[in-house]
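A.B. asks: Assemble the whole structure, with the sequences as input and the hints as a guide.
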Amino acid sequence: MSTLPAELDRLYLAHEPNLQTPPGTEPSLMAPDGSVRALVLELARPADWTLLSTIWRGVQTDLELPAPAIAVSGNDAYQLWFSLAEPASVAQARAFLEFLRLRYLSGVAPNRLVLRPAADAASPGEIQHARLVPALQPATGQWSAFVTPDLAAIFAEEPWLDLPPNPDAQANVLARLESIKPAVFQAILKRLSPVVRMETSPMNAVADETQGRHAHQEAQASASPGNSRDPKGFLLGVMNDPTIDLLLRIEAAKALLPYFEGRVDS
Numbered sequence: 020m021s022t023l024p025a026e027l028d029r030l031y032l033a034h035e036p037n038l039q040t041p042p043g044t045e046p047s048l049m050a051p052d053g054s055v056r057a058l059v060l061e062l063a064r065p066a067d068w069t070l071l072s073t074i075w076r077g078v079q080t081d082l083e084l085p086a087p088a089i090a091v092s093g094n095d096a097y098q099l100w101f102s103l104a105e106p107a108s109v110a111q112a113r114a115f116l117e118f119l120r121l122r123y124l125s126g127v128a129p130n131r132l133v134l135r136p137a138a139d140a141a142s143p144g145e146i147q148h149a150r151l152v153p154a155l156q157p158a159t160g161q162w163s164a165f166v167t168p169d170l171a172a173i174f175a176e177e178p179w180l181d182l183p184p185n186p187d188a189q190a191n192v193l194a195r196l197e198s199i200k201p202a203v204f205q206a207i208l209k210r211l212s213p214v215v216r217m218e219t220s221p222m223n224a225v226a227d228e229t230q231g232r233h234a235h236q237e238a239q240a241s242a243s244p245g246n247s248r249d250p251k252g253f254l255l256g257v258m259n260d261p262t263i264d265l266l267l268r269i270e271a272a273k274a275l276l277p278y279f280e281g282r283v284d285s
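One gets our numbering by counting positions in the sequence shown from 1 and adding 19 to each.
Note that these hints are calculated values from the structure, not bench results. Wrong hints could be hidden among the right ones.
Here are the in silico distance ranges between beta carbons for each label pair [said to hold, decoys possible]:
no.	residue 1	residue 2	range
1	Gln205	Ala86	13 to 23 Å
2	Leu82	Thr167	19 to 29 Å
3	Val203	Asp28	14 to 24 Å
4	Ala175	Ala86	31 to 41 Å
Computed from a prediction, not measured in an experiment: that's the story for all the values here. For each residue, glycine too, the CB sits at the ideal point set by N, CA and C.
C.D. replies: In structure tokens:
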């Protein structure tokens, strides 16, 4: 029996005691409380490993983090899969991924990048995550798969597999990887920006997304970042405060994206 399910569980699946996945159902990357252990950054149109490898190498050399898994998406992209030892809120996940984007891929057009988890534009109030790898992509008939760093570049023209990847081979790729430890992840967040230091429950990002239509009123209610206990109000305050460093204001604006994606302007 393949050890692939165990490796996926070890690295990426939502850990819920006594929660069983129904037969025939894909295991979830989202816990019922909205927390996640898998953080996914995708670069597409075209898939460019030379570019994405700057993050793969950078997080190891600059931030001293474990190497993320490398995947081909089954259509037109490369993906990096980061693993957390313990779940984090969607807001924290987004802040981490947005920092990586700003640090390593700031010159890349936004429409080439997908960060997951993220708000689902088609279903306000819902959070969308990546599809678990490996998987058949119905739109292309090709397979997504985890690949080793030494083979990643050869998939630049065709970032997919024509046939289902061998489960044992996939398990071997994942067996080499480690999760980001809780203390390390929290330390990284504190280094990125004070925006992500506030204490939030894992459901805050989901709940606040459903209230996106009231953002203007809530922004007026939060006079300053220091006086706001509401995460969204805090971020709005940071973004609009001219006395705060510009980079931190940009990070606050990026962290606000989950609250406003899918919003219909009145």
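A.B. asks: If a hint holds in the structure, say so; if it doesn't, say that too.
C.D. replies: Comparing the hints with the structure gives:
Taking 13 to 23 Å as the suggested C-beta distance range, the pair glutamine 205 and alanine 86 conforms, at roughly 20 Å. Between leucine 82 and threonine 167 the Cβ separation comes to about 21 Å, which falls inside the hinted range of 19 to 29 Å. For valine 203 and aspartate 28, the hinted distance range of 14 to 24 Å is satisfied, since their beta carbons lie about 21 Å from each other. Checking the proposed 31 to 41 Å range against alanine 175 and alanine 86 shows it is violated: the Cβ atoms sit about 19 Å from each other.
The earlier numbered hint that this structure contradicts is number 4, and it is the only one.
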